[in-house]
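*Asks:* Single-letter residue listing:
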Amino acid sequence: MINLRDHHEKEIKWKNSTLRNVKNQGAKIAGFFALLFMLAVLVSIFGYILHGGASHITLRMFTTYGNTTTGGLLNAIIGTWLLVGMGLLFSVPSGVLGALYNVQSTSSTRIRSVTRLFTDILTSVPSIVIGLFGYLVLVIRFDMGFSLLAGGIALGIMMLPYVMRISEISMKNVPQEQVNNAYALGADRIQVASRIYLPQARAGIISGILLAIGIAAGETAQLLYTAGWNNALPSGFMKSQVAYLTYVVWYGINQPSSYAHELAFASALILIIMVTVLISISKFVGRKRV
Amino acid sequence: MDTKNKIFNSLTMVMSFVPLFILVSIFVFVLYYSFPAIQYMGIRFFTTYLWYPGIESRPPVHVNGVTAPYASSYGLILFLTGTLVSSALAIIIALPLSFFSSIAVELYLPSRMKKVLISIIELFAGIPSVVYGLWGIIVLEPVLFYYIEPWMKDNLSSVPGFAGEIYSGAGILASAIILAIMITPIIVSVMVNSFDTVPVEIKQGIISLGATKWELGKYLITGYSRMSTYGGTLLGLGRALGETMAVLMVSGAVVNVLPSSFYSAINTMAAAVASLLDSAFFDSTGMSIAALSELSLVLMIISLTVNVLGRRIAGRGALRGVELD
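In order, the protein sequence lines correspond to chains A and B.
Letter 49 of the first sequence, counting from 1, is numbered 49 in my numbering, and no numbers are missing.
Letter 23 of the second sequence, counting from 1, is numbered 23 in my numbering, and no numbers are missing.
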């Protein structure tokens with residue numbers, strides 16, 4: 001026979017068992033330490049870059065061209081924006097129009113789920129593989145040379161999935177009744193796209209584009225063998241190399257000269273501010289999407 | 001539909017296929033350019049760790065219908081080891097960090113701090129890889145070299161892998177720690193998001209039955225949200241496998257020397273492609289570039305497989321810094 005009283009006492013003991021409470025407290029402390037560790041790393045990264053960058057950055061770096069060990073950063077700053085702009089030219093039309101198709105098309109959802117899957121997969125292609133592809137195909141096969149066009153397209157390949165998927169998500173949030181009403185009133189696809197989807201999803205599309213710009217501005221591996229380096233500005237779209245900021249960080253910190261290190265820190269500072277601000281604006285804009 | 005709308009429809013359709021087209025062409029071209037290396041090295045590509053560009057002053061050799069530099073050898077073992085070991089260690093470091101931080105954010109901290117902490121953790125996603133690398137060189141490497149690695153050597157030398165010479169802070173440990181820092185925010189964000197989808201009745205029910213918060217957290221991670229745990233881990237692993245610049249800067253980027261301990265310098269597949277491609281331009285037979293293409297091909301297959309599995313299991317995609325449906 002089960003002794004009920006014993007059983008009951010055991011249960012109470014189990015409920016109040018110190019071991020369980022100790023474990024709970026242990027997990028709490030471990031959780032705080034884990035969070036604290038991550039925060040400490042974040043503060044350390046931002047702190048070292050902000051401090052190292054701010055103590056070395058000079059106005060002259062913004063006004064003169066340089067070669068990663070002497071001079072300034074103006075060519076790298078402009079080059080970064082040129083490359084990102086080229087990436088936008090390549091990724092925005094395709095991304096926004098492709099997203100429109102994905103929300104408007106009435107054809108089989110199967111095909112669209114396949115293209116959507118591949119769009120997601122494209123974000124996980126290692127950046128250096130895109131870089132190698134850019135070198136083999138754009139630089140060599142299409143004979144673009146290390147250039148704005150090759151580097152911009154390599155960046156655009158990376159930006160495209162962000163633009164397309166985020167645009168698509170914000171277009172999906174457009175109320176379906178509104179779309180149906182427009183069609184019922186006799187609007188055609190172009191009108192629905194231009195008067196309903198694009199204006200309604202504008203905030204989301206802009207948020208996706210800003211995020212893509214922020215991430216692209218911080219990329220290096222795609223550009224190493226597609227953009228090269230230029231001590232001045234590129235003279236054309238093809239066969240003229242382009243300077244960019246991430247190269248200064250990577251190359252400068254491996255140089256024995258202390259001024260190269262200062263340039264690397266200054267570039268890292270500009271990059272981290274630029275990227276963080278762009279991504280934060282993107283989040284802020286995206287929050288207001290329909 | 002009139003002609004204008006038909007053109008619009010076809011145009012948008014073509015545009016929606018661009019990512020698929022790019023992905024397929026990356027795969028096809030990288031495969032195409034690696035054929036000479038596949039023919040020259042055959043199965044030896046997967047069995048040797050030696051990577052020699054060969055001797056340019058001797059006449060090139062002809063093997064299986066392709067031309068390669070004299071005495072050249074291309075093998076992925078060293079790079080594959082580096083990629084797998086650094087990513088595995090990164091996961092080992094990142095998992096407890098992610099589990100405990102996501103539980104702390106979800107259960108132990110007041111809910112108004114949750115939003116703030118999540119947006120702080122999302123700041124990690126905006127740090128460019130080269131900046132992680134820069135931080136690795138100026139902060140992590142000295143700390144490892146002067147403090148952590150000597151301590152490990154003194155106290156853990158009986159554990160396999162922890163005995164050995166310490167030459168510099170760069171190496172397996174530095175790479176693994178940098179990767180762990182890069183992927184922890186990914187795993188945390190996938191997990192915290194999946195905790196939000198757990199019905200509140202379940203959470204309250206478990207607590208009202210007398211469970212401690214830790215027991216609830218354990219249940220969420222290994223029970224209700226376990227698919228997100230696996231998926232988030234795989235997405236983090238996918239990021240770690242393909243990471244290039246940060247690892248290139250702190251790994252030591254060695255060639256032809258297998259690691260002997262956790263302090264040894266290594267090289268990963270992604271970092272090797274980035275660091276060896278410029279010298280490959282000078283190979284007149286083009287074999288070095290073919291071999292690097294084959295290396296990229298293997299890297300791409302591994303990394304895409306892990307990412308697709310992660311997306312499947314987590315049930316949705318997570319791009320850097322954004323959550324998808």
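The set of hints was computed from the structure by calculation and includes no laboratory data.
Among these hints, one or two may not hold up.
[Unchecked claim] Within a straight-line C-alpha distance of at most 16 Å, the following computed EDC-like cross-link-like pairs (lysine to aspartate or glutamate) qualify:
| hint | chain 1 | residue 1 | chain 2 | residue 2 |
| --- | --- | --- | --- | --- |
| 1 | B | K115 | B | E215 |
| 2 | B | K4 | A | D188 |
| 3 | B | K153 | B | E165 |
| 4 | B | K203 | B | E215 |
| 5 | B | K114 | B | D196 |
| 6 | B | K6 | A | D143 |
| 7 | A | K283 | B | D196 |
| 8 | B | K213 | B | E201 |
| 9 | A | K239 | A | E177 |
| 10 | A | K28 | B | E215 |
| 11 | A | K23 | B | E165 |
[What the hints assert, rightly or not] For each label pair, taking beta carbons as the anchor points, the in silico distance ranges come out as:
| hint | chain 1 | residue 1 | chain 2 | residue 2 | range |
| --- | --- | --- | --- | --- | --- |
| 12 | A | T69 | B | M227 | 47 to 55 Å |
| 13 | A | R141 | B | F46 | 36 to 44 Å |
| 14 | A | G186 | B | M113 | 50 to 58 Å |
| 15 | B | L11 | A | S235 | 46 to 54 Å |
| 16 | B | V28 | A | T69 | 34 to 42 Å |
Ideal Cβ placement from N, Cα and C applies to all residues, glycine included.
*Asks:* A separate judgement is required for each hint: does it hold in the structure or not?
*Replies:* Each hint tested on the structure:
1. Using a Cα cut-off of 16 Å, the hinted pair K115/B and E215/B is violated, with the two alpha carbons roughly 23 Å apart.
2. Taking the CA atoms of K4/B and D188/A, the gap is about 10 Å. The hint holds against a cut of 16 Å.
3. At most 16 Å may separate the alpha-carbon atoms for a hinted pair to count; K153/B and E165/B meet this at roughly 9 Å.
4. For the hint pairing K203/B with E215/B, the CA-to-CA distance comes to about 11 Å; that is within 16 Å, so the pair holds.
5. A distance of roughly 11 Å separates the Cα atoms of K114/B and D196/B; the hinted pair therefore holds under the 16 Å criterion.
6. Using a Cα cut-off of 16 Å, the hinted pair K6/B and D143/A is violated, with the two alpha carbons roughly 35 Å apart.
7. Of the pairs offered as hints, the one joining K283/A and D196/B is violated, with about 19 Å between alpha carbons and a cut-off of 16 Å exceeded.
8. Distance restraint check for K213/B and E201/B: the Cα-Cα separation of roughly 15 Å lies within the 16 Å cut-off, and the hinted pair is therefore satisfied.
9. At roughly 51 Å between alpha-carbon atoms, K239/A and E177/A are farther apart than 16 Å, so this suggested pair is violated.
10. Distance check on the hinted pair: K28/A and E215/B sit about 11 Å apart at the alpha-carbon level, within 16 Å; holds.
11. Between K23/A and E165/B the CA atoms are separated by roughly 38 Å; this puts the pair beyond 16 Å, and the hint is violated.
12. Checking the proposed 47 to 55 Å range against T69/A and M227/B shows it holds: the Cβ atoms sit about 51 Å from each other.
13. Our hint of 36 to 44 Å for R141/A and F46/B is violated, since their Cβ atoms are close to 28 Å apart.
14. Between G186/A and M113/B the beta carbons are some 52 Å apart, a value that agrees with the proposed interval 50 to 58 Å.
15. Distance hint check for L11/B and S235/A: the Cβ-Cβ separation is about 33 Å, which falls outside the suggested range of 46 to 54 Å.
16. Remark: the range hint 34 to 42 Å for V28/B to T69/A is upheld by a beta-carbon distance near 40 Å.
Checked against the numbered hints listed earlier, the structure breaks hints 1, 6, 7, 9, 11, 13 and 15; every other hint is satisfied.
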